[in-house]
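J.: Generate coordinates for the entire structure from the input sequences, incorporating the hints supplied.
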Amino acid sequence: MDPRHTGEILKHLEKQNELLMEAYNSMSHELHKLQVEEEMLMRKFYELMTAQGLTKKNEKNTNVSNGDQVRDDSVLLTNNTGGNSYGGKSEQSSAIVPVNDNEQH
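Residue numbers for the sequence shown, in the numbering used here: 4 to 108.
Since the hints were made in silico from the structure, they are not lab data.
None of these values were measured; they are calculated from a predicted model.
Any given hint could be a false lead.
Said to hold, decoys possible - Distance condition first, Cα-Cα at most 25 angstroms in a straight line; then the derived SDA-like pairs of lysine to any residue:
{"no.": "1", "residue 1": "K47", "residue 2": "A26"}
{"no.": "2", "residue 1": "K18", "residue 2": "D5"}
{"no.": "3", "residue 1": "K36", "residue 2": "E25"}
{"no.": "4", "residue 1": "K14", "residue 2": "A26"}
{"no.": "5", "residue 1": "K36", "residue 2": "A26"}
{"no.": "6", "residue 1": "K18", "residue 2": "S29"}
What the hints assert, rightly or not - Distance windows between CB atoms, simulated:
{"no.": "7", "residue 1": "F48", "residue 2": "K14", "range": "49 to 57 angstroms"}
{"no.": "8", "residue 1": "R7", "residue 2": "N28", "range": "32 to 40 angstroms"}
{"no.": "9", "residue 1": "L13", "residue 2": "L51", "range": "51 to 59 angstroms"}
{"no.": "10", "residue 1": "S31", "residue 2": "T9", "range": "29 to 37 angstroms"}
{"no.": "11", "residue 1": "H35", "residue 2": "I12", "range": "51 to 59 angstroms"}
Note that CB positions come from ideal geometry on N, CA and C, so glycine has one too.
T.: So, in structure tokens, the structure goes:
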């Protein structure tokens, strides 16, 4: 490396570092917005599943009177996105989704 160009190289690297930090901050902000949107959608999905579960619970009374056994379970859905190299944080989201399973014995 030529010592005459050290100053220019330093300025260039500082400019690159600044641009990379701006890109990182922009991507982090976008990631946060998407995580908030994901959480909102998962809540709406859970509400929808709950509403459908309520209609099936109304059907449960007729199924029980017919001798059918009805089992209600819940499933935990998780989404691990791993960690990022800058913050070392592990990103994880989850939702509890009710599942209705009608079994005849």
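J.: What's the verdict on K14 and A26, does the C-alpha distance respect the 25 angstroms limit or exceed it?
T.: holds, 18 angstroms
J.: Can the suggested window of 29 to 37 angstroms be confirmed for the beta-carbon pair S31 and T9?
T.: holds, 32 angstroms
J.: Just to be careful, I want the Cα atoms of K36 and E25 compared with a cutoff of 25 angstroms; is the pair within it?
T.: holds, 17 angstroms
J.: K18 and D5: Cα distance at most 25 angstroms?
T.: holds, 20 angstroms
J.: Look at the Cβ atoms of H35 and I12 and judge whether their distance stays inside 51 to 59 angstroms.
T.: Since H35 and I12 have Cβ atoms about 35 angstroms apart, the given range 51 to 59 angstroms is violated.
J.: Taken at face value, is the distance from the CA of S29 to the CA of K18 at most 25 angstroms?
T.: Distance of about 17 angstroms is within 25 angstroms: holds.
J.: Are R7 and N28 spaced within 32 to 40 angstroms by their CB atoms?
T.: At roughly 34 angstroms between Cβ atoms, N28 and R7 fall inside 32 to 40 angstroms, so the hint holds.
J.: Straight-line Cα separation of K47 and A26 no greater than 25 angstroms?
T.: Not satisfied, since the Cα-Cα distance of roughly 31 angstroms exceeds 25 angstroms.
J.: Could you see if the CB distance from L13 to L51 stays within 51 to 59 angstroms?
T.: holds, 57 angstroms
J.: Would you say the C-beta atoms of F48 and K14 sit inside 49 to 57 angstroms of each other?
T.: holds, 51 angstroms
J.: Under the criterion that the straight-line Cα-Cα distance not exceed 25 angstroms, is the pair K36, A26 satisfied?
T.: OK: K36 and A26 at ~15 angstroms, within 25 angstroms.
Of the numbered hints stated above, those contradicted by the structure are hints 1, 11, listed in ascending order.
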